[in-house]
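Asks: Read off the chains here:
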Amino acid sequence: MKILVGVKRVIDYNVRVQINREGTGVVKEGVKMSVNPFDEIAIEEALRIRERGDASEVVAVGIGPSAAQQQLRTALAMGADRALLVETEDELQPLAAARILQKIIERELPELVILGKQAIDDDCNQTGQMLAALWGRPQATFASDLKIADGVATVTREVDSGLETIEVDLPAVVTADLRLNEPRFVKMPDIMKAKRKPLDTLPLTELGVEMPAALEAGVCEPPPKRAGGVKVESVEALIAALKEKGVLA
Amino acid sequence: MELIERDVMAYDVAIVGGGPAGLACAIRLKSLKPDLSICLLEKGSEFGAHALSGAVMQPDALDELVPDWRDDPPTICVPASRDEFLLLTRTGRRRLPTPPQMSNHGNFIVSLGSLVGKLAARAENAGVDVFPGFPAAEALIEDGRVIGVRCGDMGVDADGSPGAAFAPGVDIHAGVTVLAEGCRGSVSKQLIQTFGLDADASPQTYGLGFKELWRLAPGRAEPGLVQHTVGWPLDSGTYGGSFAYHLDEDRVYLGFVVGLDYADPQFSPFEAFQQFKHHPSVRPLLEGGEIISAGARTLIEGGLQSLPRLEMPGAVLVGDAAGKLNVPKIKGIHMAMRSGMLAAEHIATETRAEGFDALWRSSPSADELRRVRNIRPGFRRGLWFGMANAALETVTGGRTPWTLENHADHRSLDRSDGNEQPALARADQWLKTRELPPRDRLASVFFAATEHDENQPVHLKVADTTVCATTCYEEYRNPCTRFCPANVYEMVSDGEGGRRLQINASNCVHCKACDIKDPYQIINWVTPEGGSGPNYQNL
Chain R
0 MKILVGVKRV IDYNVRVQIN REGTGVVKEG VKMSVNPFDE IAIEEALRIR ERGDASEVVA
60 VGIGPSAAQQ QLRTALAMGA DRALLVETED ELQPLAAARI LQKIIERELP ELVILGKQAI
120 DDDCNQTGQM LAALWGRPQA TFASDLKIAD GVATVTREVD SGLETIEVDL PAVVTADLRL
180 NEPRFVKMPD IMKAKRKPLD TLPLTELGVE MPAALEAGVC EPPPKRAGGV KVESVEALIA
240 ALKEKGVLA
Chain W
0 MELIERDVMA YDVAIVGGGP AGLACAIRLK SLKPDLSICL LEKGSEFGAH ALSGAVMQPD
60 ALDELVPDWR DDPPTICVPA SRDEFLLLTR TGRRRLPTPP QMSNHGNFIV SLGSLVGKLA
120 ARAENAGVDV FPGFPAAEAL IEDGRVIGVR CGDMGVDADG SPGAAFAPGV DIHAGVTVLA
180 EGCRGSVSKQ LIQTFGLDAD ASPQTYGLGF KELWRLAPGR AEPGLVQHTV GWPLDSGTYG
240 GSFAYHLDED RVYLGFVVGL DYADPQFSPF EAFQQFKHHP SVRPLLEGGE IISAGARTLI
300 EGGLQSLPRL EMPGAVLVGD AAGKLNVPKI KGIHMAMRSG MLAAEHIATE TRAEGFDALW
360 RSSPSADELR RVRNIRPGFR RGLWFGMANA ALETVTGGRT PWTLENHADH RSLDRSDGNE
420 QPALARADQW LKTRELPPRD RLASVFFAAT EHDENQPVHL KVADTTVCAT TCYEEYRNPC
480 TRFCPANVYE MVSDGEGGRR LQINASNCVH CKACDIKDPY QIINWVTPEG GSGPNYQNL
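Chains as they are written, first to last, in numbering that gives the first Met the number 0: chain R, 0 to 248; chain W, 0 to 538.
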């Protein structure tokens, strides 16, 4: 069985994201970039499935600029067998990403696709669902446990009311939630091995994917600054202040 | 303790630290001897994440190492256009003649973090195995010879036991190990002690520097303007001053450096920086602006007389791991790169450490430090003596027949005498309220984007914490709670009417001030899990 995992290059979670001076987007120059943390969990899960003997190959797929090879190298150093970068300088929205991944699926014919449930840059949480619909295959989103047996994936999902366990026929799309696993540390010898693993690049233009601009970005501005708190002298003053704010009747 | 099985990776040369010295060494060595296998370790999560410097760079060393660097400059790179040297009083300022060393014509204001990021990419493309996120935890010594370094373990739980994702650190074996850790490197410290490299040197002395990158209200920055001040908010007995380097796009680098040989145990270097920002000549620049990023790092200021021996069997010290900063010039990047390049040339021809110390000491860099050796120690006797002495040393080109000694910073504190406020605040020399951000050190740490997994062992090893609640409280009122720029050390109630030390290790920005200034020398800074620490942007 072949597993395809999505690897998105995003601004690192430790970075204090800043709006650019023009107000058209966020500052990316000189900013640390990383693998989307949910994608790291997706890679780890694929590797564990392969290490259990339920899969034979893990292929990491990225979409982005040439520099996104760095994140795919991380996936290879973790243990993915090979990687593919669909190269484009454009900012892609979830529907475009899903269409590209669908094209890759047609080439690679995986039986399982694991994606992060969302990317921490735009927090869309849409690509996995859209991909399943385009592909015409089942989806199991927000996975916190995943077992594979006899062509069926048994997935525990994190839902609002708690946990829900479902079975989906493979091939299927699974999206990884935070508690699915704890990704491994990359080891130095594996970083060296990763340099020799195949990493193919493919210009987006060669895929022949239609790119409808579904959404248009408006204005980019930081959230309003939080006003400072107020100190009150007594319980009476506190009650009066709360009444004034309409919190107490 | 159970035996851990470790991978071993063998290289011709191992370089510890991905700053200007280590990367210059790697790039030069690979160009001289392309067949040598070279590995370079960096504790930061990526190259530049822990790099912090003013920084006005003298470009000669970089020009020599990477002649085409201007084609792909650092993200912040502004030619210096005009110098101002100012003396501040509490309410005013006066222009002083710019000392000749501080003339910056032909220099560049750069982000050191961005510069080392570019250099690391060049090193990697040249075939150096670079490993960001992997700290060297300790040196490996066999039969009195450094044979390499052990990388830090990953995934150790807070109690020191291996966690679920435990990954033991690799042992790197190397013919020659190059220590390029920067000021007060933890492995360098181990080796300087083990091999007694500082036996013939004057005690080392340090400074603590703060830096903030601001975006100002439009039109306030004068790109290329390089400003330095001395005086307020320091008293004349405390060495230090400010810098303001004006950048493009309405940005400015603002910083403050304090000599760690200050005497008042109640003094807070962080507070001094914040006071400076409220000076009537500085505050109007900043009002309406915002901080983009901030951090702190110690500087090594001892100069030539405090320089340890630069070699030991199997290893050499380069850059500020040894102490190559030119203090009067306020520049060290070119010196760090030059020492890294010289080590590369030495290793390429000799393939061993022996002989590097003599080679460096006969190089132009040593002469550069010799000429200015007496300037920093002169300030031990106050600002006015220091400036007069600096003028004499400058006029004579350092040909005075004496060499002034340095003094160990951890011995310089006066007793606290029960005072709970810095002398300057008691003398009404400091403002009681201030409005500009950050509000306090915790707010400042936020701009350093520092991160340590909370479930790892504390990397600030305090040998005996009972000293904190007893002797140190009585003698100095716990100066660690004030000199640490990141509020790592706090004295809290022990619930039984006494107090105990609390170490907020996850705030640490890896400046090493505690390791240096702690009066009892019981704090040992060790490397935390790889990739931990600040994530500086454009500093």
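Treat the hints with care, since some could be wrong.
[Said to hold, decoys possible] Chain R regions said to be covered by chain W (calculated; three or more residues, Cβ under 8 Å): (1) 58-71; (2) 75-85.
[Unchecked claim] Lysine-lysine pairs mimicking DSS-like chemistry, simulated, CA-CA at most 25 Å apart: (3) K117/W / K230/R; (4) K117/W / K27/R; (5) K186/R / K117/W; (6) K431/W / K31/R; (7) K31/R / K230/R; (8) K31/R / K186/R; (9) K460/W / K188/W; (10) K102/R / K224/R; (11) K117/W / K192/R; (12) K117/W / K194/R; (13) K117/W / K32/W; (14) K1/R / K244/R; (15) K192/R / K188/W; (16) K194/R / K32/W.
[To be verified] To give a feel for the contact side, a few chain R residues facing chain W, derived at Cβ under 10 Å: (17) Y12; (18) L177; (19) R178; (20) P182; (21) M187; (22) P188; (23) K194; (24) C219; (25) V231; (26) E235.
Bear in mind the hints are in silico, worked out from the structure with no lab data behind them.
Heads up, the beta-carbon is just placed ideally off N, CA and C, and yes, glycines get one too.
Asks: Regarding the hint that M187/R lies at the interface with chain W, is the smallest CB-CB distance below 10 Å?
Replies: holds, 5 Å
Asks: Within a Cα-Cα threshold of 25 Å, do K117/W and K27/R meet the stated pairing?
Replies: holds, 16 Å
Asks: Hint validation: K194/R versus chain W, beta carbon distance must be below 10 Å. Holds or violated?
Replies: holds, 9 Å
Asks: Can P182/R be said to touch chain W, with a Cβ gap under 10 Å?
Replies: holds, 8 Å
Asks: Could you grab the alpha-carbon distance between K194/R and K32/W and see if it respects the 25 Å cut-off?
Replies: holds, 22 Å
Asks: Does K32/W sit within 25 Å of K117/W, going by the straight-line distance between their CA atoms?
Replies: holds, 21 Å
Asks: Against chain W, is Y12/R within 10 Å by beta-carbon distance?
Replies: holds, 9 Å
Asks: For the pair supplied as a hint, K31/R and K230/R, confirm whether the alpha-carbon distance does not exceed 25 Å.
Replies: Given pair K31/R, K230/R is violated - Cα atoms ~39 Å apart, limit 25 Å.
Asks: Once the shortest beta carbon distance from L177/R to chain W is found, is it less than 10 Å?
Replies: Nearest chain W Cβ about 15 Å off; hint violated.
Asks: Within a Cα-Cα threshold of 25 Å, do K117/W and K192/R meet the stated pairing?
Replies: holds, 24 Å
Asks: Regarding the hint that C219/R lies at the interface with chain W, is the smallest CB-CB distance below 10 Å?
Replies: violated, 16 Å
Asks: Given the hint that K1/R pairs with K244/R, does the C-alpha gap stay at or below 25 Å?
Replies: It is violated: about 59 Å lies between the C-alpha atoms, which goes past 25 Å.
Hint compliance for this structure: hints 1, 2, 3, 6, 7, 10, 14, 15, 18, 19, 24, 25 and 26 are not met, and every other hint is.
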